[in-house]
Amino acid sequence: MTTRKQHTARITGVADTAMGELPGSTAMGLHAEATTAALKDAGLTAADIDGVLCGYSMTMPHLMLSSVFCEYYGLRPSFNTAIQAGGATACIMLANAVALVESGACRHVLCVTGDNRLTGMTRDGAVAALASVGHPEFEQPYGMSVPAAYALVAQAYLHQYGISRDELSAISVAARAHAALHPKAYKRDPLSLADVANSRVIASPLRLLDCCLISDGGAAVIVSAADAARDTRKPVRVLGSGQGHTHEHIMAAPSLTDFGCKTSSAMAFDQAGVTAAEIDVAEIYDSFTITLLTELESIGFFEKGEAGKAALAGDISLGGRLPVNTHGGLMSYGHSGAAGGAFHIVEAAHQLRGEADARQVAGAGLAFVHGDGGILSAHCSLVLGQE
Amino acid sequence: MALPLPTPNADSRPYWDAAQQGRLVVQHCAACGTVQAVPRGCCGNCQSPALEWRDSALRGTVASFSVVHRGPTAAFRNSTPYVLALIDVAGGVRLMLNIIGPGPDEVQIGEEVEITFEPRGEAGFQMPQARRITA
Ligand SMILES: [Zn+2]
Chain A
1 MTTRKQHTAR ITGVADTAMG ELPGSTAMGL HAEATTAALK DAGLTAADID
51 GVLCGYSMTM PHLMLSSVFC EYYGLRPSFN TAIQAGGATA CIMLANAVAL
101 VESGACRHVL CVTGDNRLTG MTRDGAVAAL ASVGHPEFEQ PYGMSVPAAY
151 ALVAQAYLHQ YGISRDELSA ISVAARAHAA LHPKAYKRDP LSLADVANSR
201 VIASPLRLLD CCLISDGGAA VIVSAADAAR DTRKPVRVLG SGQGHTHEHI
251 MAAPSLTDFG CKTSSAMAFD QAGVTAAEID VAEIYDSFTI TLLTELESIG
301 FFEKGEAGKA ALAGDISLGG RLPVNTHGGL MSYGHSGAAG GAFHIVEAAH
351 QLRGEADARQ VAGAGLAFVH GDGGILSAHC SLVLGQE
Chain B
388 MALPLPTPNA DSRPYWDAAQ QGRLVVQHCA ACGTVQAVPR GCCGNCQSPA
438 LEWRDSALRG TVASFSVVHR GPTAAFRNST PYVLALIDVA GGVRLMLNII
488 GPGPDEVQIG EEVEITFEPR GEAGFQMPQA RRITA
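Protein chains in written order, with the numbering used here: chain A, 1 to 387; chain B, 388 to 522.
A couple of the hints might just be wrong.
[To be verified] Rough simulated footprint, nothing fancy, chain A against chain B, three-plus residues with beta-carbon under 8 Å:
| # | region |
| --- | --- |
| 1 | 389–395 |
| 2 | 432–446 |
| 3 | 482–495 |
[Claimed, not checked] Only pairs whose alpha carbons sit at most 25 Å apart, straight line, appear in this in silico SDA-like list of lysine to any residue:
| # | chain 1 | residue 1 | chain 2 | residue 2 |
| --- | --- | --- | --- | --- |
| 4 | A | LYS309 | B | ILE496 |
| 5 | A | LYS304 | B | CYS433 |
| 6 | A | LYS304 | B | ASP475 |
| 7 | A | LYS262 | B | GLY431 |
| 8 | A | LYS309 | A | LYS184 |
| 9 | A | LYS187 | B | ARG457 |
| 10 | A | LYS304 | B | ARG457 |
| 11 | A | LYS304 | B | GLN495 |
| 12 | A | LYS184 | A | ALA18 |
| 13 | A | LYS262 | B | CYS433 |
| 14 | A | LYS5 | A | LYS234 |
| 15 | A | LYS187 | A | GLY125 |
| 16 | A | LYS5 | A | ALA18 |
| 17 | A | LYS262 | B | ASN432 |
| 18 | A | LYS309 | A | ASN198 |
| 19 | A | LYS262 | B | ARG457 |
| 20 | A | LYS304 | B | ILE496 |
| 21 | A | LYS184 | A | THR119 |
| 22 | A | LYS262 | B | ARG481 |
[Unchecked claim] Calculated from the model, a selection of chain B residues having no Cβ within reach of chain A, i.e. all distances over 10 Å:
| # | residue |
| --- | --- |
| 23 | CYS419 |
| 24 | ALA424 |
| 25 | ALA472 |
| 26 | GLU499 |
| 27 | ALA510 |
None of these hints come from the bench; they were simulated from the model. Cβ coordinates follow ideal geometry from the N, Cα and C atoms, glycine included.
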């Protein structure tokens, strides 16, 4: 791997909306609300934004979502496009925004995403729409849902490493304990290992409480060129980024236990000039318990087969060796489609600025953020640092 | 509600046509020898367009599986529980299939299965499937 020069871009504004069940919300309304809040966070105005990157919406599908949003909000940027990479969308938007400001094409790029996936469509509708990531001829006719596809990964993992039910459940329990400390989190009720183990089977070995939430919500992140960041409120550094893409369909994955996060994180660490061991806090895409377990190991935070034991021992909880998903993640904070992965970025920025209140990781100077889309198909990793 | 049928296209039609005759065919690359499951216009390893269809053995092993209790659509919700599996077919490709037949709760990774064809829908469209080999 050729070492790339460390990034110079800054994250200058972050915000997310209220989370959970938001009757009366719309996809564009959530985009707008998050944008207004992120601009305020940065100390910028709409006129400062010269680049816009949007994701996608399931309740308001459109061929040109970023144009729809710019019209809605009243932006006339010099660069504008939408990015679709499932759960990796937010991190990939940020990586693109970094490239735009570092190339000189833009000074302040708005990355914004949101969806009213909970109240704007039925649960059955959401499950069916998500299942369309399966191959239309070779997977969907066999009844592949997204949980079932991840269950195939989980079953292979359990077969290889023989971990216990509690080791898997510990991932959900740790997320919920963090969410309980976040006033905006969608699910804050206490959760026990037994609750997870006794929840109904969705697709063996995955149970209901191994799966992420479906929520309404939105988030926005503003990325600025280094010099343009000087007059913003509290910038955070982007130090490294990387991507890994090995397949789209799980039947075509080169491995069921190693994924593109290995490559993407190695690239991001290399560019940042840091190692996994130096990371203070990690915000990692957790669509299912198995997703986080696999990623924690593939990325190198834990040995193969050990992340569940570590979770059970409190290693990924606040006060542990590597606090993970300190906002509660997709499992308990909220999951609003492409915005789900953006919540991880927002939380990382809050941690690095020392603004995470009861969830603050003491002395958090380096954060790792990761998004994955599809069935562990598209991966994007980021290393962020304090100014 | 009926289970969905695949809609073959120019890339995949030979695969589904063969299935209607009880044959499982895979694409073999004349340039590099790679065999591939999802039919394409070029080899996914060396990009050569020189692909030939070859008959595959009707046996495989279970690479992974899940007993699905919550289907993605109404048709599949009416069919639960069913076994979704990744099958490593003897010819060298991995397919997603259902494991049909007795003992779905006893399926194990590494277990040998036979590839069979299951009629679906009014016209009896033959879907490749996997069946447990029981003594
Ligand atoms: Zn080839």
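Right, here's what the structure says about each hint:
Counting residues of the region 389–395 of chain B whose beta carbon lies closer than 8 Å to any beta carbon of chain A gives 6, which meets the minimum of three for the stated coverage. With 0 residues carrying a beta carbon less than 8 Å from a beta carbon of chain A, the region 432–446 of chain B misses the three-residue requirement, and the given coverage is violated. With 4 residues carrying a beta carbon less than 8 Å from a beta carbon of chain A, the region 482–495 of chain B meets the three-residue requirement, and the given coverage holds. As the CA atoms of LYS309 (chain A) and ILE496 (chain B) are separated by approximately 23 Å, the hinted pair is consistent with the 25 Å bound.
Taking the CA atoms of LYS304 (chain A) and CYS433 (chain B), the gap is near 32 Å; set against the 25 Å cutoff, the hint is violated. Note on LYS304 (chain A) and ASP475 (chain B): the hinted pairing holds, with a Cα-Cα distance of about 24 Å set against a maximum of 25 Å. Restraint check for LYS262 (chain A) and GLY431 (chain B): the C-alpha separation of about 22 Å stays at or below 25 Å, so the hint holds. The straight-line distance between the Cα atoms of LYS309 (chain A) and LYS184 (chain A) is roughly 29 Å, outside the 25 Å bound, and the hint therefore fails.
Among the hinted pairs, LYS187 (chain A) with ARG457 (chain B) is consistent with the structure: their alpha-carbon atoms are about 22 Å apart, no more than 25 Å. Between LYS304 (chain A) and ARG457 (chain B) the alpha-carbon distance is near 30 Å, which puts this suggested pair outside the 25 Å criterion. Taking the CA atoms of LYS304 (chain A) and GLN495 (chain B), the gap is near 22 Å; set against the 25 Å cutoff, the hint holds. Annotation: proposed proximity of LYS184 (chain A) to ALA18 (chain A) holds, straight-line Cα distance about 6 Å (limit 25 Å).
Distance check on the hinted pair: LYS262 (chain A) and CYS433 (chain B) sit about 24 Å apart at the alpha-carbon level, within 25 Å; holds. Distance restraint check for LYS5 (chain A) and LYS234 (chain A): the Cα-Cα separation of roughly 23 Å lies within the 25 Å cut-off, and the hinted pair is therefore satisfied. With a C-alpha separation of about 22 Å, the suggested pair LYS187 (chain A) and GLY125 (chain A) falls inside the 25 Å cut-off, and the hint holds. Distance restraint check for LYS5 (chain A) and ALA18 (chain A): the Cα-Cα separation of roughly 37 Å exceeds the 25 Å cut-off, and the hinted pair is therefore not satisfied.
Using a Cα cut-off of 25 Å, the hinted pair LYS262 (chain A) and ASN432 (chain B) holds, with the two alpha carbons roughly 21 Å apart. For the hint linking LYS309 (chain A) to ASN198 (chain A), the alpha-carbon distance of about 20 Å falls within 25 Å, and the restraint holds. The hinted pair formed by LYS262 (chain A) and ARG457 (chain B) fails the criterion: a straight-line CA distance of about 31 Å is larger than 25 Å. The hinted pair formed by LYS304 (chain A) and ILE496 (chain B) meets the criterion: a straight-line CA distance of about 19 Å does not exceed 25 Å.
Of the pairs offered as hints, the one joining LYS184 (chain A) and THR119 (chain A) holds, with about 17 Å between alpha carbons and a cut-off of 25 Å not exceeded. Between LYS262 (chain A) and ARG481 (chain B) the alpha-carbon distance is near 23 Å, which keeps this suggested pair within the 25 Å criterion. Distance to chain A confirms CYS419 (chain B) as a non-interface residue, since its nearest Cβ pair spans about 16 Å, more than 10 Å. Remark: the non-interface label on ALA424 (chain B) conflicts with the geometry, its nearest Cβ contact in chain A lying 7 Å away (cut-off 10 Å).
A cut-off of 10 Å between C-beta atoms contradicts the statement that ALA472 (chain B) is not in contact with chain A; the least separation is 8 Å. Distance check on GLU499 (chain B): its Cβ is at least 16 Å (rounded) from any Cβ of chain A, clearing the 10 Å threshold; non-interface status holds. At the 10 Å boundary, the C-beta of ALA510 (chain B) stays outside the reach of chain A, the nearest C-beta of that chain being 14 Å off.
In the structure shown, a violation is registered for the earlier hints numbered 2, 5, 8, 10, 16, 19, 24, 25, in ascending order.
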